[in-house]
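Chains as they are written, first to last, in the numbering used here: chain A, 1 to 255; chain B, 1001 to 1095.
Worth flagging that the hints you see were computed from the coordinates, not collected in a lab.
All values derive from a computational prediction rather than experimental measurement.
Check the hints yourself; a few may be wrong.
To be verified - Quick list of in silico lysine to aspartate or glutamate cross-link-like pairs, EDC-like style, CA-CA up to 20 Å: (1) A:Lys-135 <-> B:Glu-1073; (2) A:Lys-132 <-> A:Glu-72; (3) A:Lys-132 <-> B:Asp-1090.
Stated by the list, open to error - A few chain B residues that face chain A, going by a derived Cβ cut-off under 7 Å, partial list only: (4) Gln-1037; (5) Gly-1047; (6) Glu-1048.
To be verified - Which chain A residues stay away from chain B? Per the calculated CB distances, all over 10 Å, these: (7) Met-37; (8) Leu-38; (9) Ala-43; (10) Gly-71; (11) Ala-138; (12) Trp-147; (13) Arg-150; (14) Gly-160; (15) Arg-161; (16) Glu-178; (17) Gly-181; (18) Ala-187; (19) Pro-193; (20) Ser-197; (21) Ala-201; (22) Tyr-250.
We put the CB at the ideal spot given by N, CA and C, even for glycine.
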Amino acid sequence: MGAAVAKDILVTFLLRLADDHLVLGHRLSEWCGHAPMLEEDLAMPNMALDLIGQARALYQYAGEVEGRGRGEDDFAYLRSEREYTNLLMVERPNGDFAHTMLRQLYFAAFMEPFWQASANSTDERLRGIAGKAVKEVAYHIRHAGEWVVRLGDGTTESAGRMKAAVDALAPYVDEMFESDGVFSEIAGAGIAPDPHSLRPAFDAIILPIFAEAQLEWVDDPFAQSGGRSGLHGEDMGYLLAELQFMQRAYPGMEW
Amino acid sequence: MTKNETPLWEVFIRPRNGLAHKHCGSVHAADEVLALQAARDVYTRRGEGTSIWVVPSAAIVASDPQEKDENFEPAMSKVYRHPTFYDIPDDVGHM
Chain A
1 MGAAVAKDIL VTFLLRLADD HLVLGHRLSE WCGHAPMLEE DLAMPNMALD LIGQARALYQ
61 YAGEVEGRGR GEDDFAYLRS EREYTNLLMV ERPNGDFAHT MLRQLYFAAF MEPFWQASAN
121 STDERLRGIA GKAVKEVAYH IRHAGEWVVR LGDGTTESAG RMKAAVDALA PYVDEMFESD
181 GVFSEIAGAG IAPDPHSLRP AFDAIILPIF AEAQLEWVDD PFAQSGGRSG LHGEDMGYLL
241 AELQFMQRAY PGMEW
Chain B
1001 MTKNETPLWE VFIRPRNGLA HKHCGSVHAA DEVLALQAAR DVYTRRGEGT SIWVVPSAAI
1061 VASDPQEKDE NFEPAMSKVY RHPTFYDIPD DVGHM
């Protein structure tokens, strides 16, 4: 332990991180059986399983810190929309393949420097989770990045779709780097980096890929925000309905 | 018009150091980088490999199944090419 922050601060922080990973993992898993080719039909659920595995480790830890007997299933299946504190970007519907790959690239480019910094965390559990996640996220950047380059610098059709994805996701980029009291306390205790500090590392990953993909970066003046305080888009309810249906319909069900 | 954007690649996986790469299947991919990624995603999900090769299927020259008999039949009758054909004197011990 040794983390010099209040319990509820640490739990809030862990749940934000866990929610990002579970929700994006769920979105990616929606491609299972619907991908444009068999290879991607395996690749996307592969990445989804990485994300859900990371979410599980974070939820378990959050439950232990909280000490109220809640476990990973309680957090995932029995919280309402307002209690979820994930980024708005990860709950966005998949759109087409270009849109999904770009969203994946953005999130991975945000998380890679995050996990790298967390590898030196003062919190031993987070260090352990980061050590595994950092390899997984490096592959996500490579996989999504290669597709963004090929689609962006591909046919007229694929370049058009890639550009549409850049426009559609632009309002959701800035929220990743928002800081608040929780994040700054966590950063102050040396547990994890302040998201605000990760922007240069994110740009250093994204901009060369955009250059190769012949894509223009767009700054959106109407940045969306609210995920961290439980205010979600209208698609979030549908996502949770599908994610939570079994536990809601058959409480305590195991399989 | 029907240009194949994602040709076929043959995948070879080496399970451990010291073993040879072994053919395990094929993937469709636009180029060699994506072919390697696809091979990784399709064929190493259960920790099967430490190294992957991909080769354009078009680069493989295969023997003609029609010529199976003339290629492989003649070897069938040459049992003396197997080491088990020969009696080893007991004094030699293990070879």
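Here is what the structure says about each hint:
no. : hint                     : verdict
1   : A:Lys-135 <-> B:Glu-1073 : 51 Å, violated
2   : A:Lys-132 <-> A:Glu-72   : 19 Å, holds
3   : A:Lys-132 <-> B:Asp-1090 : 57 Å, violated
4   : Gln-1037                 : 6 Å, holds
5   : Gly-1047                 : 13 Å, violated
6   : Glu-1048                 : 13 Å, violated
7   : Met-37                   : 6 Å, violated
8   : Leu-38                   : 7 Å, violated
9   : Ala-43                   : 4 Å, violated
10  : Gly-71                   : 27 Å, holds
11  : Ala-138                  : 13 Å, holds
12  : Trp-147                  : 8 Å, violated
13  : Arg-150                  : 6 Å, violated
14  : Gly-160                  : 16 Å, holds
15  : Arg-161                  : 15 Å, holds
16  : Glu-178                  : 32 Å, holds
17  : Gly-181                  : 40 Å, holds
18  : Ala-187                  : 34 Å, holds
19  : Pro-193                  : 28 Å, holds
20  : Ser-197                  : 30 Å, holds
21  : Ala-201                  : 23 Å, holds
22  : Tyr-250                  : 30 Å, holds
Hint compliance for this structure: hints 1, 3, 5, 6, 7, 8, 9, 12, 13 are broken, all remaining hints hold.
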